[in-house]
Amino acid sequence: MESFRIVHYLNQFFGQLGGETAAGAPPQIKPGAIGSGRVLQNELGNGFEIVATALCGDNCFADAPEATADELVGLIAEFRPQLVIAGPAFNSGRYGQSCGMLCAALQDRLGVPAITGMHEENPGVDQFRRRVLIVRTGATARSMAEALRSLAALARRIAAGDAIDRPAEAGCFPHGMKRPVVRDKTAAQRAIDMLLHKLAGQPFATEVSVPRFDRVAPVKLATALSAANVALVTDGGLVVKGNPDRMPNGYCDRFTTIPIGGLERFTTDLVEAHHGGYDTQFVNQDLNRLVPLDAMRELEREGAIGHLHETVYATAGLGMSLTNARKIGREIGARLRNEGVQAVILTST
Amino acid sequence: MGIATAQVCSMRQVATMVGSPRIVTGRSVLHPVGDPGLDLDAERALRRRILLDALKALGSNGTRDAA
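So the sequences go chain by chain: X and Y.
So for the first sequence, the numbering used here puts the first residue at 22; every next one is plus one.
So for the second sequence, the numbering used here puts the first residue at 238; every next one is plus one.
Keep in mind that the hints were calculated from the coordinates and are not lab data.
Computed from a predicted structure; not experimentally measured.
Far from chain Y, some chain X residues (derived; all Cβ distances over 10 Å):
(1) 37
(2) 39
(3) 67
(4) 91
(5) 104
(6) 159
(7) 164
(8) 195
(9) 205
(10) 211
(11) 227
(12) 229
(13) 278
(14) 328
Covered by chain Y, per the in silico footprint, the following chain X stretches (three or more residues, Cβ under 8 Å):
(15) 311-319
(16) 356-367
Glycine included, every Cβ here is placed at the ideal spot set by N, Cα and C.
Given these sequences and hints, build the entire structure.
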């Protein structure tokens with residue numbers, strides 16, 4: 022019987038092309054297993070063959086992700102794999118991105134299953150876990166042996182025709198999909214079971230996954246407050262009167278800007294609050310109750326802060342998904358940084 | 238280099254839960270830095286006090302609530 026054909030993907034470092042200096046290496050493919058691929062081959066055992074190893078530098082991939090993935094898909098297709106294993110990428114950002122992207126492209130274009138491995142903090146996990154089976158690994162290559170064992174175990178299940186309906190039970194990050202199932206016990210009984218397990222210190226698995234929030238390390242103010250450029254930001258739905266940017270009043274995927282250059286205080290002819298999540302009547306009587314422009318001007322004059330930034334950034338924080346919240350936060354942060362802001366006071370409703 | 242932040246927030250448990258550093262308690266969800274129940278001078282004094290707390294928080298290392 023012919024062996025189950027596998028192509029392995031590695032970056033320049035694990036593929037033995039070189040370190041950072043080889044990070045620009047273009048897509049290429051070599052027959053057989055290379056480096057950690059040899060260990061993977063051993064783990065897979067008889068009946069499996071790593072027929073080729075595809076390689077690419079992390080920077081090359083990061084600079085032109087779509088084109089690079091396309092090129093690699095073409096190279097890999099020639100070896101007619103039944104499965105592609107990428108990485109593992111551990112906690113390496115660029116490598117994780119490349120592995121996830123390549124796996125997704127292979128599945129889309131060739132219909133070949135493709136799996137990879139990452140540490141839970143690799144940004145590639147959030148980006149690709151819905152589409153790609155990603156085995157949980159440690160943070161660094163020190164956990165290589167364990168990671169390769171997990172990948173080999175998953176590869177054997179896929180080769181045996183297992184559809185891996187529940188990625189979490191196969192040591193992978195869940196796809197995050199829900200589907201109806203019939204359970205023997207009612208929800209109340211299952212809840213009591215869980216509680217009893219919890220009280221007895223025994224393991225139990227929740228049926229409700231709670232979103233994981235970032236722990237953002239506080240940034241230390243780089244300059245004295247009296248020299249700092251301070252900006253005001255709000256999630257309370259402040260908009261320019263008439264809402265010319267057409268900001269939604271909830272479930273936002275964007276933010277708006279309000280210029281305050283030369284403005285001593287907010288007046289109701291200039292701005293308004295547009296937010297579907299709280300009663301806006303009090304802030305709409307006096308918008309300084311939402312974004313404290315008048316008081317900040319006073320403190321600016323007194324020298325308590327160096328300078329009040331001339332743009333207020335605002336969004337409406339109602340029913341906002343974590344994904345959108347992160348996106349909006351990143352965008353506002355990048356703008357403020359480019360504009361030379363060192364500190365922000367965020368007022369929340 | 239990041240940006241130092243302080244959040245004036247009335248639902249401080251929510252802010253704590255989502256990992257916000259430097260939380261200063263606002264007056265109300267409906268008017269975080271004001272109070273329509275106060276006369277204008279008292280309201281302005283309140284707003285100033287909350288902001289001074291927020292500025293103090295900005296100068297702190299952010300591992301504990303400043304206010």
